[in-house]
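Keeping the supplied structure of chain A fixed, place chain B upon it in accordance with the hints.
Number of protein chains: 2
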Amino acid sequence: MRALERLFNPKSIAVVGASPDESKAGYQMLYSLKDFPGRLYPINPKADNILGFKAYPTLKAVGQPVDLVVLTIPAAACINVLKEAGGIGAGSALIISGGFAETGGDVGQKMQKKILSECQKYQIRLLGPNTAGFVNPHAKVVPNFNPWTADISAGHIGLVSQSGAMCLTLASMIHAQNLGVSLATGIGNGADVNVEDVVEYLADDHNTRVIILYLEGVKNGRRLYEVIARTTEKKPVLVLAMGKGDIADFAASHTGNLIGSYRIKKTALRQAGAVLVESSDDLIDAANLLSRVRLKAKENPGVGLLTGQAGPGMVIADYLRSRDVLLPELHPYTVEKIKVALPPITFIRNPVDTSRPSGTFPYVLTAMSLDPSIDVLAVFALCEPAVIDPVVLFRDAVKIKQPVIFGTAGIKEEVADTVKALSKLNLATFTSPDRVAKAVHALVEDSKASYRRTRVTEQQRPLPVIAPLLSNPDETEVKDILDRIGISTPIRSLCRGHMDALDAFRKMNKPVVAKILHPSIRHKTEVGGVILGIDSENALKEALDKIDSILPGNGKMYLVEEMAGNGLEIIIGGTNDPSFGPAVMVGLGGTAAEALDDVTMRMAPLSLSEVRDMIFELRGKALFEGWRGSRPLDINCLAETIVLVGQLMIDHPEIKEMDLNPVRIYEKGISALDALIVVKDKVEGIVQ
Amino acid sequence: MRALERLFNPKSIAVVGASPDESKAGYQMLYSLKDFPGRLYPINPKADNILGFKAYPTLKAVGQPVDLVVLTIPAAACINVLKEAGGIGAGSALIISGGFAETGGDVGQKMQKKILSECQKYQIRLLGPNTAGFVNPHAKVVPNFNPWTADISAGHIGLVSQSGAMCLTLASMIHAQNLGVSLATGIGNGADVNVEDVVEYLADDHNTRVIILYLEGVKNGRRLYEVIARTTEKKPVLVLAMGKGDIADFAASHTGNLIGSYRIKKTALRQAGAVLVESSDDLIDAANLLSRVRLKAKENPGVGLLTGQAGPGMVIADYLRSRDVLLPELHPYTVEKIKVALPPITFIRNPVDTSRPSGTFPYVLTAMSLDPSIDVLAVFALCEPAVIDPVVLFRDAVKIKQPVIFGTAGIKEEVADTVKALSKLNLATFTSPDRVAKAVHALVEDSKASYRRTRVTEQQRPLPVIAPLLSNPDETEVKDILDRIGISTPIRSLCRGHMDALDAFRKMNKPVVAKILHPSIRHKTEVGGVILGIDSENALKEALDKIDSILPGNGKMYLVEEMAGNGLEIIIGGTNDPSFGPAVMVGLGGTAAEALDDVTMRMAPLSLSEVRDMIFELRGKALFEGWRGSRPLDINCLAETIVLVGQLMIDHPEIKEMDLNPVRIYEKGISALDALIVVKDKVEGIVQ
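Sequence order for the protein chains is A and B. Using my numbering, you'd call the opening residue of the first sequence number 34 and step up by one each time. Using my numbering, you'd call the opening residue of the second sequence number 34 and step up by one each time.
These are computed hints drawn from the structure, not numbers from a lab. This one's a predicted model, so the numbers in the text were calculated from it and none came from an experiment. A few of these clues could be false.
Pairs involving identical chains hold if they fit within one copy or between any two copies, as the list cannot separate such chains.
Taking lysine-lysine pairs in the DSBU-like style, the calculated list, with each CA pair at most 35 angstroms apart, reads [what the hints assert, rightly or not]:
(1) K713 with K57
(2) K277 with K154
(3) K370 with K432
(4) K57 with K445
(5) K453 with K57
(6) K445 with K299
Next up, chain A with everything else stripped away, as it sits in the complex:
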């Protein structure tokens, strides 16, 4: 559990390649570490003493175990040093040099394999290669060759970045806000220690109150998903994730990871309870707030907005309302209480606008805080200490049980003083209305995500055992599987030859549909292999002749099915992402909806409540709820079907992709009209 303790919180550090030459990384690294309170060993065969520290010719010469060995030497020299480190019982290592697997070349990959195998042999945890290092200001551990990282303050934000420069950028933005970090680390090429490992470490680190991540491509998305899901039970996780735009080539050249699908990354992170933010600025503001306060898990927490001036309150309310954040109507009793304290024409609903704030401002704030619908208070007031001093206001407002977020604007110096003073009261203050709104939004999203994660979920019923699929099943085989696991399909018959088809036809409700069945044909409609509306024996004959003409040499195999009734068409899909593993999608069917790409996604396995969320996230959700006078559709049955598809994807890791398209949904029940399963190629192996 605490395997990374010797890496991130070492009691002894050796710097291999430490140098008295100020232009060398080996000097800069030692310089950064000069205030380290533990034992610090410069390793350099040609020096007795560097920066006042006794130097040792070799690691072995140190004569005792070292927690962290920092390698500021060329790539090719690393392997021997790691062996030596193993020999003296070192706990961890940090390699600054690039030139390993991230180059994409053979030489680098071979070197990486070698160093990894040494690390595994000696149970050394390795950070890097190709990383700028990390910063743990609480322990004054600053193994980082950017000298200014020593200035970063100790605080409560745990920062993990796949990019060294973004680690520095975000750390500097944190510092600029007078905040601090518990740990800030790049991952480099992530040979051993990766993002998931550090998140797991920070989940139990008592200095860390919020974890923030910068993510590009994710190698083992499934593990990240699972680690974050466990972590958000303990503390909030905020993520800035790349990949909305087309940056795949650049990203691959950077970390060597594939950027992958943004959709599945976003899905997995949100489902695990992380909050995705829109920008690095939003990330720091959200971290500022969430390092101080966290809301309890709640389906839809209520925000009380008190504003000294209408305009900024409008900006905050507009932002929050347009993102489905609840600003509940205040209780009439609260309104009555507030009314007596404000001029007659002010707006007292929620927001409460005091017009120009006066001496009654604290009274109004307290009244709002006593309203049962309010879970968090957002307050904005121009910085006019003569009218209202926020420091006095919030110092005295000790009775307020909810978290408070404050926003202000005014004379630069006065505003800066206010922010600092309030920070000492553990209050996050933002200097624009939008920053208040965005931070509140992140706080609320964290609470909603916790609610979704923690709500009681029904017991999963295990699926009937189905033998692993060794090759792509045909449509009847897929539908048989669906029948067995409990997903409705049309009444059908697998027919060999015309007579067989005619027999089937006679027993069925008309009209029927006839389909070609051949392993080589996946998209039957496109080759004319699906004939609908067959209502006579003649029509059947014609249809079969037409199907025969598509692949003249085939075995005259047909699928004859009763035609399904009209209903809303949807698509249910399953995918086994190379990084994130099994996931399920639902979308509206039909040409227009497909062109509009109205699809939502969840990681499998998933609960009925999650599936319901997924359905209601569709932009076209109104179609399920009784659209323009029609009756509501059977969302429960649809939800159960999606749960089953997810379970099948989990039980059968050999399935690469599933496609039920279309599925018709009725007032009662559903029917999967067509279904496809694609099995992974053998060479791909089975990920799970």
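Frame of chain A; chain B shown alone:
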């Protein structure tokens, strides 16, 4: 044209209600104005001298015309002062007090009418009532009762806000960035001088290089649209517009204006060439950049991105690419030139990542600037003056012809110094990668908007003259109008009685459709009044009987039409917004698409190019372009139809709303299957 000059750039100011009592607004106002270099007249019958200025008992006692009269007196006292001001030839007035029309009450509205009529009588331009005042730091005119507004620096950002507090908030944010304003003004309740007037004034103000607006509800949206369209020819206009969320009640209580539809506000502002930003922070950053540089009008300007470190470059590239900002591939010649200057594994496409910047950084920047596809350069590098000093870099990069935007992060103090030094070189610098990206995005959006506004548009053909519509026309009348203006409709016959219908049926291509015709029935399908697929005389008889049964007493009027062929269904709508006037919408038809609300909008009249943009903005645009193997549809004909609908809305201001739903679009041509026109109620009058 310069009617507001005496208001915003006065040579003499009188403060009525000036007071020696520091707690009074009349004191604060005079204090704010104490450095005014022109003639300043405190008006107070009880004082000889206030703050060192000779006081006058009345305006009349001043004995000469005054450019601006500031009223810091109760609402009820204003009317007499305005009369007096008129008597001495005052040019403008500013009323701080509230209690006028914005209260929504009768008393306030009556008072407002009275003061307005005095102002009109004497040609006094009035700012307010209910405004905090304005700031013109260039002329040291600071009639504002918030004393700190005197600290706001002179600069090139013209700020107009419907909210006094947002004016102060934005001004303080500008000040915090060490930027300045040319003018910053609230509008108050906008009795006389409104947002449009000030924008028009700033369009010709030589101190103003960029105009920024904070907008809630807009009373005369059409005029705002026209004023902004003229202004953006001269300088950029950036807008923070409220109303995405549900804040209608709060907004109405604030300015007394209806918030209106966000969709039409956004449409009009964008079409006029304004850039809409997402937040107040984005607004200030975009204003910072656009007050220094503006790109030429271009359909799709190319951004060259040079980054010292991969991660921040990734953040910028991801943001821009996901918002359709072009980062063009560099010319192979450029790539070859850059290659020699960078380590082998760096990414040299666009972005160009120098890995760790070195002495070649200026060379690479220059090489990129010489690439023909690059219209603007964005540069990010961590602040490491030892490695690369951006001040030296950009001071020497005088040959660079494109605008440059710089971003950096690092030690707080070093970063602050860099930002200040670069600002003196007229370079906008931002301290996070996202802020760089957002500012570049605004710069590019401004260029694209100018392109759309200025591209050559075809001559509008005038529509045939059609008599004004006095009441709602029925479907045949609407379709006759469509035929006359050149929009295809199905072959049809207006039939009285069964025999008439039978005659029509015999002459038509089968099948036909029969529809009920009655002025009271707008939604024919919902009452069962549309019967499709009639292919025999018997079927027609049955259909007519069915229609007769809907409204037994009606005159047996039917519309019999040939059925249209299959095609993609779309919806074309016209609306005459109470504030913004005539606008046109297009959306995909059919149940799913309507539920997904895939609709785009433009102000009428509009050109074919604008309509094409409008069609390609639809999320489902792929459906027009040959979806899944089908042939492309007749977008030209669709575009012409939309232009005609827009022209009809303009020619007929009595039309409140038009709805062609559905319109079928084919490989060649379109057909409007159903059409509705709703005429304004008489009492509404005609807006235009």
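How would you label the pair K370, K432 (within, between, both, or neither) given a Cα cut-off of 35 angstroms? Answer is within: at 17 angstroms inside a copy they meet the 35 angstroms cutoff, but 66 angstroms across does not.
At most 35 angstroms between alpha carbons: which applies to K57 and K445, within, between, both or neither? between (41 angstroms within a copy, 25 angstroms between copies)
At most 35 angstroms between alpha carbons: which applies to K277 and K154, within, between, both or neither? So K277 and K154 fail the 35 angstroms test inside a copy (40 angstroms) and across (59 angstroms) alike.
Go through the copies and call it for K713 and K57: within, between, both or neither, with a Cα cutoff of 35 angstroms. Neither. Shortest intra-copy (50 angstroms) and inter-copy (80 angstroms) distances fail the 35 angstroms Cα cut-off.
Should K453 paired with K57 be assigned to within, between, both, or neither, using CA atoms and 35 angstroms as the limit? Intra 38 angstroms, inter 31 angstroms, cutoff 35 angstroms: inter-copy only.
One pair to classify: K445 and K299, alpha carbons no more than 35 angstroms apart. Within, between, both, or neither? So K445 and K299 pass the 35 angstroms test across copies only (32 angstroms; inside, 38 angstroms).
Hints 1 and 2 from the list above are not met by this structure, while the remaining hints are.
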